[in-house]
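Sequences listed follow chains B and A, in order.
Letter by letter, the first sequence follows residues 2 to 331 in our numbering.
Letter by letter, the second sequence follows residues 354 to 676 in our numbering.
Everything labelled a hint here was simulated from the structure, so no lab data went into it.
Don't take every hint at face value.
What the hints assert, rightly or not - Listed below are several chain B residues computed to face chain A (Cβ distance under 7 Å; list not exhaustive):
#1 L25
#2 V160
#3 N164
#4 W166
#5 V168
#6 V287
C-beta: ideal position from N, C-alpha, C; glycine also.
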Amino acid sequence: MRYVARKLGFYLVAAWVALTINFLLPQLIPGNPVEALIGRMSQSGTVPPGEAKVLTALLGLGTGNIAQKYWQYLDGLAHLRLGLSIANFPTPVAVEISESIYWTLILVGTATVLSFVLGIALGALAGWKRGSRLDSIIPATTLLTAMPYFWLALIMLYVFASNVWHVLPQGQGYDTNSDMTPGWNLAFLASAVQHAILPALTIVLSSVGGWLLGMRNMMVSTLSDDYVVAAEAKGLPQRRIMIGYAARNAVLPSVSGFAISLGFVVSGAIAMEYVFSYPGLGEKLVLAVNNNDYPLMQGIFLVITFAVLGANLLVDLMHGFIDPRTRLSR
Amino acid sequence: MTATNVVATVAAETGAPSAGRLSGLRAAFRSPRLLAGTTIVGFFVLLGIVGPFLAGNPNALSHTELAGPSLRHWLGTTQIGQDVFAQLVVSTRASLAIGFGAGLLATLISIVVGISGGYAGGLLDEALSLVSNVVLVIPTLPLIIVIIADLRSNGLGPLIVVIALTSWAASARVLRAQTLSVRNREYILAARAAGERAWRIVFVEILPNELPIIVSNFIFAVIFAILTQAALAFIGLGDPTLLTWGNMLNIAYNDEALSIGAWWWFIPPGLCIALLGMGLALINFSLDELLNPRLRVYRQRRPAGARASAQGSLRESVRESAR
């Protein structure tokens with residue numbers, strides 16, 4: 002199928018650009034980062050032989066001309082030689098990332114889908130009953146959207162997890178003080194869910210307004226289209242017109258917007274995870290930055306970017322499936 | 354026949370007289386949303402300009418540490434006795450400067466990329482849209498974090514440039530689409546036939562037509578830049594010597610303002626960001642309603658434009674007959 006091939010090609014290019022940016026950026030680091038990194042590693046333990054070489058290739062600082070450096074960098078990545086973390090020496094970066102990625106994927110994924118569904122449903126209703134009381138909450142949602150994610154997280158933490166009304170845990174992904182083992186057991190899962198409530202609520206509250214507004218406006222536009230007026234003239238039940246005729250067509254731009262907004266949700270989650278000390282990728286990234294842990298930082302950047310690209314590709318393919326017009330037009 | 358005349362003729366023919374647009378503008382300014390939005394944004398801009406002269410030294414230490422709001426300290430004091438209100442007022446300037454600076458730069462880039470691609474077409478257009486789309490899908494904040502961390506520089510200038518370079522793509526895409534739809538209209542063809550130069554067509558014929566979209570994109574870019582800067586400063590990537598709202602939040606969070614219960618310290622900076630963002634969003638919202646009449650809410654008793662009320666009553670009568 003041409004549409005699929007085109008999309009695949011585009012995301013391959015995007016992935017290549019991300020890889021190349023990740024190769025070029027460490028050139029900006031002043032001084033000799035590899036030497037500094039090895040120096041700090043040797044303070045906290047014995048540095049395995051060959052580590053300097055891995056780091057040099059990873060940071061795009063290898064030997065020879067730029068093409069040879071680029072080749073060494075790609076070769077290292079292809080063999081998943083991501084180096085060792087410095088903040089948490091000597092854990093390999095790959096292990097650090099795989100430990101935290103599930104936390105972020107499950108939390109941010111669930112909260113994003115929840116927010117999307119909620120926003121679309123409320124937006125469809127607000128557009129259908131424009132000028133009503135439901136419609137007049139729109140300005141309030143713009144306040145929610147303009148709020149920094151992490152500030153909302155601070156308030157949540159203050160209200161529900163500290164002085165005011167201490168009903169929920171303060172942070173972390175699960176109760177680290179008790180002797181439960183992470184895995185498929187009831188005690189751990191219950192604790193993990195309890196710890197995810199505030200972070201998830203933060204994401205939903207600060208992103209639902211955008212969906213609501215977009216859907217509401219599309220709904221209002223769609224409602225004056227001829228086929229909706231015709232459906233009304235035919236005397237179809239109101240519910241059917243709202244859902245089957247108007248909402249179904251109005252949701253299309255939101256679906257393609259969903260793909261783009263994924264990147265923003267991930268971005269918003271970084272500072273939010275930091276507030277809750279949530280053991281996800283975002284918190285790891287902040288930790289890596291504050292420790293000048295370049296290997297961990299570059300690794301997390303690549304993983305986040307690839308995850309967002311993959312999700313985008315999925316949504317794009319889905320969109321082509323939902324709306325046949327996108328497939329036909331180039 | 355000059356191009357301006359062509360525009361006027363075409364406008365008259367398509368039934369879009371400038372008087373109608375003016376009355377629309379006046380109607381928009383009657384909208385409470387636009388009024389509220391401009392009031393909020395105007396207040397903050399004024400505060401950013403004159404505030405630092407009035408607020409006094411934001412780093413002056415008083416003997417009362419972590420005091421709640423009082424007549425002496427309107428918003429209480431910090432862990433080391435600085436006046437939170439003075440800090441808040443002084444922070445406004447740098448926060449606004451980064452927001453508007455990065456917003457302006459991002460908008461300029463989007464105009465250059467979007468309009469030139471859309472107008473020129475062909476290979477240039479293909480290349481520019483590919484670049485825009487790629488920049489659009491790479492998650493912005495992680496990229497900015499890595500750039501700033503590698504650069505080891507977080508001064509005002511580099512920050513503005515980095516934020517602008519990563520946030521122009523969405524607007525460029527919108528402008529390209531608009532330019533594509535405008536470039537084959539009669540008045541552009543007429544201008545081209547009259548031998549106008551390409552740059553003149555772009556600046557005199559196309560750009561003014563896209564001004565509402567550009568303004569709306571600019572406002573979004575400012576909101577985005579302010580939020581991004583705040584997030585960066587909050588996670589510790591800001592310039593510690595530069596007082597901004599994000600920086601205040603970073604210090605409050607790290608000095609345990611939450612567990613101490615010093616709400617007067619961490620609520621106001623975030624509230625300022627949210628209020629300013631809301632003010633800008635309200636302006637955009639009413640601009641949107643101005644540009645897209647379908648979004649306007651027509652109430653029955655209030656007299657609206659003739660065409661609009663006709664459409665509304667048609668809809669109502671259809672609804673009635675459907676029941």
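Hint check results:
no.: 1; hint: L25; result: 10 Å, violated
no.: 2; hint: V160; result: 10 Å, violated
no.: 3; hint: N164; result: 4 Å, holds
no.: 4; hint: W166; result: 12 Å, violated
no.: 5; hint: V168; result: 15 Å, violated
no.: 6; hint: V287; result: 5 Å, holds
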